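Enquirer: The lines below spell out each chain.
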Amino acid sequence: MNNSLNILIYILFILAINRMSATRTAYKGNILAIIGMSIALIWGLINLKSEYQIYAAISILLGGTVGIIGSRRTTISQLPQMVALLNGFGGLASGLIGISETINIPYLNFLQIFIIFTGCLTFSGSVAGFFKLSGLIKINDTETIRSTSIIILLLSIISSFYAHNGETEYIIGFALLSALLGFCFILPIGGADMPIIISILNSLSGWCTTLVGLSLQNNLLIIVGTLIGASGSILTYIMTKAMNRHLLKVLFTPITTNQSSNYQHTEQDIHKGTPQDAAFLMENAHKVIIVPGFGMAASGAQQELSNMANILIKKYKVDVKFGIHPVAGRMPGHMNVLLAEADISPELIFGINEINPEFKTADVVYVIGANDTINPLAKTQKDSTIYQMPILEVEQTKRILIVKRSLAPGYAGLDNPLFYEKKTLMLLGDGKKITKEIVTQLENDSN
Amino acid sequence: MNNSLNILIYILFILAINRMSATRTAYKGNILAIIGMSIALIWGLINLKSEYQIYAAISILLGGTVGIIGSRRTTISQLPQMVALLNGFGGLASGLIGISETINIPYLNFLQIFIIFTGCLTFSGSVAGFFKLSGLIKINDTETIRSTSIIILLLSIISSFYAHNGETEYIIGFALLSALLGFCFILPIGGADMPIIISILNSLSGWCTTLVGLSLQNNLLIIVGTLIGASGSILTYIMTKAMNRHLLKVLFTPITTNQSSNYQHTEQDIHKGTPQDAAFLMENAHKVIIVPGFGMAASGAQQELSNMANILIKKYKVDVKFGIHPVAGRMPGHMNVLLAEADISPELIFGINEINPEFKTADVVYVIGANDTINPLAKTQKDSTIYQMPILEVEQTKRILIVKRSLAPGYAGLDNPLFYEKKTLMLLGDGKKITKEIVTQLENDSN
Amino acid sequence: MEIYLIDILILSGFIGYFAIWNVTPLLHSPLMSVTNAISGIVILGALENLNFSSTPITTILLLIAIFFASVNIFGGFHVSARMLKMFKNKDKTNE
Amino acid sequence: MEIYLIDILILSGFIGYFAIWNVTPLLHSPLMSVTNAISGIVILGALENLNFSSTPITTILLLIAIFFASVNIFGGFHVSARMLKMFKNKDKTNE
Ligand SMILES: NC(=O)c1ccc[n+]([C@@H]2O[C@H](COP(=O)([O-])OP(=O)(O)OC[C@H]3O[C@@H](n4cnc5c(N)ncnc54)[C@H](OP(=O)(O)O)[C@@H]3O)[C@@H](O)[C@H]2O)c1
Ligand SMILES: NC(=O)c1ccc[n+]([C@@H]2O[C@H](COP(=O)([O-])OP(=O)(O)OC[C@H]3O[C@@H](n4cnc5c(N)ncnc54)[C@H](OP(=O)(O)O)[C@@H]3O)[C@@H](O)[C@H]2O)c1
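Protein chains in written order, with my numbering: chain B, 1 to 447; chain V, 1 to 447; chain E, 1 to 95; chain L, 1 to 95.
Next up, chain B with everything else stripped away, as it sits in the complex (with noise of 0.2 Å):
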């Protein structure tokens, strides 16, 4: 009966990642990993001591309630940090497994060493990206951090020895420094490659749930386990070739935040318009190219951006095109989620290769709150953490509207030339705020 249970269980998971593979099936995807885990929760309390019973629900009961209204409370542009966190938070249990499992135990064995070490470390790891992810760190001194972290990898060593004997303060120190170590390195990561981190830390939150399983035999979390942890390792790998990022590099190489200090302008370099000159050049273009960034999240633009588009195409019979790069955004596919939410058309929305070639052929390009990925210096700038990133080739276009709030730099903390190119208006403001009253001075103009 167990193991019946246990086969169905990986079944459903199986099936439920199977189908995250398109947009048509992956809710019910979703659902059915619901249920898998809904029977494994159900089927889990049933077997325990009556006594425990309760305050295992109790427990269950209330990280679910926790969970949800975290869940609920997230804007849809503060999901890639709550997604970290929460990775984080499996790390945590199954590092809590492998500590409870050592009390009272006369040796530990290596396997659960390891479960110690991961567990936290990916608790901890989580919890760095969490906060840079939410903007609440920022670090500029990062040799320090990385030096320290080597000091805190060689005590973690060296503490996983004594941690050996059992004695319940060593196994907590060892599990101390196993978070640390996790914090530090984590922390000094540069910001553009979170993605990439928080599918490494996905994919060491699924080989904790092996280890775990190895410990208990359980043929279900070995299984399970594995399964997520091979899928992030591949999905860490598609992530840097999408970024053209080294995956050593992206964890050992220091940012340089001041690379952009060469490169300073003022508002006085730069050529300024209004929502009333990017609505005439729109409306009188046959070619109208919108490429959202991290900015069109933050403000909550979708759904004017979709207004926008709208009324170019129908009243104006324009060919609006959305170009996408794969890594605009906080998260892969952050910009997707978006636009659909805001009922754009997937029809509209094309990826970095298709829309490339079609820079040329447009008349205006619209871009709202991306910079990294648009920026040129990506091409030349060989200290910059975004050097041969792929970008969209909006400097080819004819107009290049961009609307941002400031000549501050993006994620990777880069200046960007194209701001400051004859042909480019700068519309300053808030992105919401500035495509909505474009959509006012488009839908007040006759055509």
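The set of hints was computed from the structure by calculation and includes no laboratory data.
Careful: at least some of the hints might be erroneous.
Claimed, not checked - Here are a few chain L residues that face chain V, going by a calculated C-beta distance under 7 Å: (1) 6; (2) 15; (3) 20; (4) 64; (5) 66; (6) 77; (7) 81.
Note that the structure is a prediction, hence the values are computed from the model and not measured.
Ideal Cβ placement from N, Cα and C applies to all residues, glycine included.
Once you have looked at the hints, place chains V, E and L with the ligands on chain B.
Expert: What follows is chains V, E and L with the ligands alone, placed relative to chain B:
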């Protein structure tokens, strides 16, 4: 050591099968599989008692030689029956292993009975498939054969109880009955359904391997066998979908070869054309679609067809496309293999869904040796084996040229009303010869 | 049994590999979020261990583990559903 | 061990499923032919059993099995290579 080799081997096989998913990597996939198999063979020989090594090596060498010579002697249009036959040999090997295991054993277990049954059935079924595909057997009285096979099925079930006791005569009897069953079961199945049958047998040969693995507790055989068994089953499913056939119908509906009897025509009802007519029509067309079928394979016309397409494109600036039906020829992908052999650019080749909307706008369609796959009766004739199979909608084109040797029906034994349409010109003769004459004519004409 | 254990690890790894390889980048975020929620299955480990818990400390540690794993599970599926619902709605309007 | 055995069957089945699902119909024939050749791995069963062969009959049966499995293996790979070579050549000329 043994187990790490096993793991290495099945990893190689999995990677090999994965590589088969794209034309670019498929050839390498085959090589990976060959490497895996070589390791297996060498390791198997090394682990053999020295007294048997020489005999086993000789068997392998002899078998290998026969296999390679057989494959070399096979013309490309005979490949399908060759695959069927080889498949059968795999099944036979499993069956023999099963029988040998049961000799000198007081009681058989279920596994061994299954191995013998599946192995022998796969063998004889494949042989029947081979005969049918080679055209060496044509069956009319399917009903009798079907009733016979039910009797045999009952007999073999009964005999399995006797065989269970381990007496050699009964085991042999059971094996023979199983073989007879496979033969009688496959024989009456419609010719048009043979690729589905081969795929089923392919999958069965995988399951045989699994069974042998289970009986020997060999994880390599279990994993690889299940892999092939599952992939074969899925392939079967995909194919039945492509042909719009239901698996149960494939297996249990008798073919009624005489369905076309109410549709008797003579050569007087058709409009005969010459290669010169065909050349004239095509060189003056804007758009020509070429539809090859089994007749192209049989006559080996692919190279001439490639020449014809080239001349039309280069000299006469005609827009030439190839439309390929998924089950044209005698195996899935049959046409694609041949067109690839003749170096026809893949950009010119289209599947049924892409090409069907184009027939309306084409001026001429050049059908060479295709029949069932363009037969409009598939839409109307309910009792035919191709009923509801999607067809290439050749009838929508202004002029239809059909090359075949006679008015004989195609594989499904169905007459084709297209032959007698006013806009159709029949070019009776060998596919290659006629195409060659058209090429000569095209070369001589001035554009 | 050791022998089969390594097979299971390898085979599961391959399944993870195949399942992910075809996913469009567009769905990478929801995918991560779903797999993340699924990895909360480790909660079964905590529940199982609870049966053998001998001291209050381990019981409390395990209950905390259950709490956090539940946050991960419920929050993760909820976040995923939120992301995926948008795609789903869009798909409907297009049909 | 029984427990793990069924896991292995299921996982292998899934791998077969995933590996095949994306194959274009164009490659179904070579695919069948390659998997067919691979299923000749059953030859290892014959070789293994040969070590325990006690009577001439079983030895002969197993040698015949080895023979036919080899026909399947060598013929199968050769046929596959022939089919695939055509695709390979075509691909080169296009690059
Ligand atoms: N997608 C992922 O997987 C992912 C994950 C993490 C990091 N990243 C990294 O994030 C970057 C993404 O590039 P991106 O081009 O999308 O964004 P970006 O380079 O981070 O630039 C976003 C721009 O939006 C502007 N902005 C912020 N809030 C705004 C508002 N309310 N209204 C209008 N504009 C606003 C900001 O300028 P102002 O402050 O002047 O307004 C900023 O320059 C890349 O470096 C990428 O590697 C990507
Ligand atoms: N692809 C697969 O997977 C597969 C496998 C097995 C069966 N099938 C079935 O096979 C059929 C395939 O349809 P199809 O349209 O390709 O072929 P078809 O319906 O079998 O017709 C082939 C035609 O080619 C003509 N032909 C034969 N030799 C020729 C030669 N040397 N020169 C010129 N013409 C020649 C024959 O007519 P003459 O005798 O008058 O020349 C025949 O009518 C379907 O029924 C399909 O279901 C398909």
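Enquirer: Evaluate each hint against the coordinates.
Expert: Hint check:
1. 6: Constraint on residue 6 of chain L not satisfied, violated at 11 Å.
2. 15: holds (6 Å)
3. 20: holds (4 Å)
4. 64: This hint holds: residue 64 of chain L lies near chain V, its Cβ roughly 6 Å from the closest one there, short of 7 Å.
5. 66: Holds, about 4 Å.
6. 77: Holds, about 5 Å.
7. 81: Since the shortest Cβ distance to chain V is 6 Å, the answer is holds.
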